[in-house]
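Go ahead and model the full structure; you've got the sequences and the hints to work with.
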Amino acid sequence: MIPNLDVDLLKTFLAIADTGSFTRAAGEVNKTQSAVSMQMKRLEDVLARPLFARDGRLSRFTPDGERLIEFARRMVSLNDEAVSAFTKPELTGTIRFGTPDDYADRFLPEILARFSRTHPLVTVDVECVNSTILFERTRRGEFDLSLVSFGCEVVTDEPVRREPLVWVSSARHSTHLLDQVPLAISHAGCEWRGKALSALESAGRRYRIAYSSPNSNAVNAAVKAGLAIGAIPDLCVQPGMKVLTEKDGFPSLGTFDIGMVRKPGRGNSAIDALARHVSDSMANLNPAMIAAE
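So that you can map any letter, position 207 of the sequence shown is 205 in my numbering, and since no number is skipped, the others follow by simple counting.
Heads up, some of the hints might be wrong.
Claimed, not checked - Label pairs and their calculated CB-CB ranges:
no.: 1; residue 1: Met36; residue 2: Arg160; range: 34 to 42 Å
no.: 2; residue 1: Pro157; residue 2: Asp123; range: 52 to 60 Å
no.: 3; residue 1: Arg264; residue 2: Pro48; range: 44 to 52 Å
no.: 4; residue 1: Glu125; residue 2: Asp6; range: 56 to 64 Å
no.: 5; residue 1: Pro262; residue 2: Leu225; range: 49 to 57 Å
no.: 6; residue 1: Asn282; residue 2: Val44; range: 19 to 27 Å
no.: 7; residue 1: Gly91; residue 2: Leu3; range: 33 to 41 Å
no.: 8; residue 1: Asp155; residue 2: Val74; range: 21 to 29 Å
no.: 9; residue 1: Gly247; residue 2: Thr90; range: 27 to 35 Å
no.: 10; residue 1: Glu125; residue 2: Pro157; range: 19 to 27 Å
no.: 11; residue 1: Lys245; residue 2: Met(-1); range: 49 to 57 Å
no.: 12; residue 1: Val74; residue 2: Ala33; range: 13 to 21 Å
no.: 13; residue 1: Gly252; residue 2: Gly202; range: 13 to 21 Å
Since the hints were made in silico from the structure, they are not lab data.
Glycine residues also receive a C-beta, built at the ideal position from the N, C-alpha and C atoms.
Take a look at the structure:
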């Protein structure tokens, strides 16, 4: 019979992973250091694997310990979500939430599904526009909460993820081999557009803007049809696309930050709850799972 993992043991294990030591973890979980050590011994006994390797006076994770971190986070998160759904007062109301359509298409459904399970009486009114407009309208109070890409004048103090920007082409075509490469990119002023054009110009690569649209579906359709190449977040790469690298003659585009912006003034518990769901989900997104959708 497969043994059960104790969530309390996993919470202590994650405290060690997050703080970097048994001593600091003991303070986080309000236990003595010897109690923390005993818990980790129990966890190793359940799994029949060593999770820590002694390195002088330090304890480091073994490869099995590193593997357990992701499982532990998912199990603890699901446990807390389930308990919250039954023990916390039910929130009500409507949240005006904004996001670029790139993010809405790829991972917003899962975020909203999880939020709905824990807060079924809250209505989330979603509108998809580009990050610059979202930032301005949220600051004017037209949205309660927005998920945005940082860049230009869009900067917030709630970053949730740093993501690589990558070149993509159709997996079935050789558009990227053309001497003058056609581009499918977003509207003028978009951070990704600026990065793409600057990179090509710095590399001396000839290009022409073949398709320009603020709608990610339009840009992605042009790429997958072999009509152009594009620059999109690595998390947004879809089946039918091929990622291009410097070996293919395309310079690195670096990374960009994704974060949240809130309307001015005091928020409420429903907005705070959705913000936590967005932040946790974005921080723990699994690219392999998204690519398989």
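Quick rundown of the hints versus the structure:
1. Checked against the hint of 34 to 42 Å, the pair Met36 and Arg160 passes, with Cβ atoms roughly 37 Å apart.
2. Against the hinted window of 52 to 60 Å, the Cβ-Cβ separation of Pro157 and Asp123 comes to about 24 Å, which falls outside the hint.
3. As the Cβ distance of Arg264 to Pro48 is approximately 49 Å, the hint placing it in 44 to 52 Å holds.
4. Our hint of 56 to 64 Å for Glu125 and Asp6 is violated, since their Cβ atoms are close to 41 Å apart.
5. As the Cβ distance of Pro262 to Leu225 is approximately 42 Å, the hint placing it in 49 to 57 Å is violated.
6. The supplied range of 19 to 27 Å is met by Asn282 and Val44, whose beta-carbon atoms lie about 23 Å from each other.
7. Range check, Gly91 to Leu3: about 36 Å between beta-carbon atoms, so the 33 to 41 Å window is met.
8. Separation of Asp155 from Val74 is about 26 Å and conforms to the stated range, judged on CB atoms against 21 to 29 Å.
9. Range check, Gly247 to Thr90: about 55 Å between beta-carbon atoms, so the 27 to 35 Å window is missed.
10. Hint check: Glu125 to Pro157, Cβ distance near 22 Å, so the stated range 19 to 27 Å holds.
11. Judged by the Cβ atoms, the range 49 to 57 Å given for Lys245 and Met(-1) holds: they are separated by roughly 50 Å.
12. Taken as a hint, the range 13 to 21 Å holds for the pair Val74 and Ala33, whose Cβ atoms sit roughly 18 Å apart.
13. Distance hint check for Gly252 and Gly202: the Cβ-Cβ separation is about 18 Å, which falls inside the suggested range of 13 to 21 Å.
Going down the numbered hints, you'll see the structure goes against 2, 4, 5 and 9, while the others check out.
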